[in-house]
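Here this note's numbering is used: the sequence shown runs in plain steps of one and ends on residue 325.
Don't read these hints as lab results, they were simulated from the structure. Warning: the hint list may mix true and false statements.
Heads up, simulated EDC-like pairs for lysine to aspartate or glutamate below, C-alpha to C-alpha not over 20 Å straight-line [as the list claims (entries may be wrong)]:
| no. | residue 1 | residue 2 |
| --- | --- | --- |
| 1 | K220 | D199 |
| 2 | K220 | D253 |
| 3 | K311 | D253 |
| 4 | K252 | E189 |
| 5 | K215 | D253 |
| 6 | K252 | D208 |
Computed from a prediction, not measured in an experiment: that's the story for all the values here.
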Amino acid sequence: MTVKIKRDILEQEEIDAEAYRLLDLQLSRTNEDVEEEILKEAIQKSSNSAQQIIFRAARDMRQTASEAKRNQNLILKDSIERTIPIFEALTESESGQNNHRYFGNLGYALKDKEEPDWEGARNALVKAINLSQKQKNTVPPHYMYNLAVC
176 MTVKIKRDIL EQEEIDAEAY RLLDLQLSRT NEDVEEEILK EAIQKSSNSA QQIIFRAARD
236 MRQTASEAKR NQNLILKDSI ERTIPIFEAL TESESGQNNH RYFGNLGYAL KDKEEPDWEG
296 ARNALVKAIN LSQKQKNTVP PHYMYNLAVC
């Protein structure tokens, strides 16, 4: 392996580590706020494998918070909102622009947040549906259900 390749790998690992650090701060319930633009930039610069890990962490938080909201458990009250900038960054990343799961989860988060953004949720879900149809020639039924809710 050449020195340049090693340097590039180390640089990407540092970028990914910073994205993970900011993700952890964003999803945790600490008093330390993460500046949204810095968070988004770090996620967008992270590697595809790091973005998959970031997506799963945000998706899991969104699902947990949505379930808590349905059960009227207010402990995770702002947790759905905390995932939105993460999903936005993923959908705006080079590899994420064609990932229907990123758009679908952004739509769910916008729909389920404390004060729903119906138009934003609808737009994200329509994009997820279109991408899924193009890639798989099928649409997950939960996309259609949530679009109808919007």
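Right, here's what the structure says about each hint:
1. K220 to D199: holds (17 Å)
2. K220 to D253: violated (26 Å)
3. K311 to D253: violated (34 Å)
4. K252 to E189: Given that 20 Å is the threshold and the Cα spacing comes to 32 Å, the pair is violated.
5. K215 to D253: Holds. K215 to D253 sits at ~19 Å (cutoff 20 Å).
6. K252 to D208: holds (16 Å)
The earlier numbered hints that this structure contradicts are 2, 3 and 4.
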